[in-house]
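So for the sequence shown, my numbering puts the first residue at -16; every next one is plus one.
Derived from the structure by calculation, the hints contain no laboratory data.
The structure displayed is predicted, hence computed values, not measured ones.
Virtual Cβ for every residue (Gly too), placed ideally from N, Cα, C.
Don't take each hint at face value.
Unchecked claim - Cβ-Cβ distance ranges computed for the label pairs, FRET-style: (1) Ala69 with Gln97: 17 to 27 Å; (2) Phe70 with Ala91: 17 to 27 Å; (3) Leu47 with Asp67: 17 to 27 Å; (4) Ala69 with Pro44: 35 to 45 Å.
Claimed, not checked - Calculated cross-link-like contacts (lysine to any residue; reagent style SDA-like; alpha-carbon spacing at most 25 Å): (5) Lys7 with Asp132; (6) Lys(-8) with Arg156; (7) Lys7 with Asn20; (8) Lys7 with His136; (9) Lys(-8) with Gly124; (10) Lys(-8) with Phe70; (11) Lys78 with Gly22; (12) Lys78 with Leu120; (13) Lys(-8) with Asn20; (14) Lys(-8) with Gly110; (15) Lys78 with His(-3); (16) Lys7 with Gly126; (17) Lys78 with Gly(-5); (18) Lys(-8) with Glu40; (19) Lys78 with His55.
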Amino acid sequence: MFFKSIGSKAVGPHNWIGLRGDSKWNVPEPELVLVLNPGMQIVGYTIGNDVSSRDIEGENPLYLPQAKVYRHACAVGPVITIADTAFNAHNLPIKLGIVRDGATVFEAETSTAQLNRPLPELAAFLGRYDDFADGVLLFTGTGIVPPDDFTLHHGDQVTITIAGIGALRNTARLME
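Required output: the full structure, derived from the provided sequences and hints.
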């Protein structure tokens, strides 16, 4: 597991997501997000975008925090769907769409069925040796990464949709 962000680095729906000015290869990473209470119980689900600077990440494993933890590199929302027996999070389609200048430049789909570990196991592992007095949002990992020749551009519209939760929409902004 990797620590993504503190709350002040995250943004909500319809806000801008940041593209590092010192990176030439920035990509969105759509993820199901578990909403956990302090006891590490899953109380809800939402959508997350783990924006990553892949070229910085690839230079050296020690640079992973710089590639993933910076202002506006994390988006969550648009709602929290309450965890109950009627909502099955184990086989949800996750869709990513990126529109540039009115044209779709990337689309892909995956499913939460592709996750390698059961959701309760992920939650339990996170809380095994750590405490979260206010609860925590746990990003479950991405099954979609755009190809190596793709990067987000300033003004790109990024939409991540998960059935039963909704659509998280953000606009990419180059940070100087």
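A quick look at each hint next to the structure:
About 23 Å separates the C-beta atoms of Ala69 and Gln97, a value consistent with the hinted range of 17 to 27 Å. A hinted range of 17 to 27 Å holds for the C-beta pair Phe70 and Ala91, which are about 24 Å apart. For Leu47 and Asp67, the hinted distance range of 17 to 27 Å is not satisfied, since their beta carbons lie about 35 Å from each other. Taken as a hint, the range 35 to 45 Å holds for the pair Ala69 and Pro44, whose Cβ atoms sit roughly 42 Å apart.
In summary, the hint linking Lys7 to Asp132 is supported, as the alpha carbons are separated by about 11 Å, within the 25 Å threshold. A C-alpha spacing of about 15 Å is found between Lys(-8) and Arg156, which places the hinted pair at or below 25 Å, so the restraint holds. Proposed proximity of Lys7 and Asn20 is contradicted: the alpha carbons are some 37 Å apart, above 25 Å. A distance of roughly 10 Å separates the Cα atoms of Lys7 and His136; the hinted pair therefore holds under the 25 Å criterion.
Distance hint between Lys(-8) and Gly124 is fulfilled; the C-alpha atoms sit about 18 Å from each other, no more than 25 Å. With a CA separation close to 29 Å, the supplied pair Lys(-8) and Phe70 exceeds the 25 Å bound. Distance hint between Lys78 and Gly22 is unfulfilled; the C-alpha atoms sit about 30 Å from each other, more than 25 Å. Restraint check for Lys78 and Leu120: satisfied, since their Cα atoms lie roughly 20 Å apart, inside the 25 Å limit.
Proximity of Lys(-8) to Asn20 is assessed by CA-CA distance (about 20 Å); at most 25 Å being required, the pair is judged to hold. Proximity of Lys(-8) to Gly110 is assessed by CA-CA distance (about 22 Å); at most 25 Å being required, the pair is judged to hold. Distance hint between Lys78 and His(-3) is fulfilled; the C-alpha atoms sit about 17 Å from each other, no more than 25 Å. Between Lys7 and Gly126 the CA atoms are separated by roughly 22 Å; this keeps the pair inside 25 Å, and the hint holds.
Taking the CA atoms of Lys78 and Gly(-5), the gap is about 18 Å. The hint holds against a cut of 25 Å. Among the hinted pairs, Lys(-8) with Glu40 is consistent with the structure: their alpha-carbon atoms are about 18 Å apart, no more than 25 Å. Between Lys78 and His55 the alpha-carbon distance is near 21 Å, which keeps this suggested pair within the 25 Å criterion.
In summary, the numbered hints that this structure violates are 3, 7, 10 and 11.
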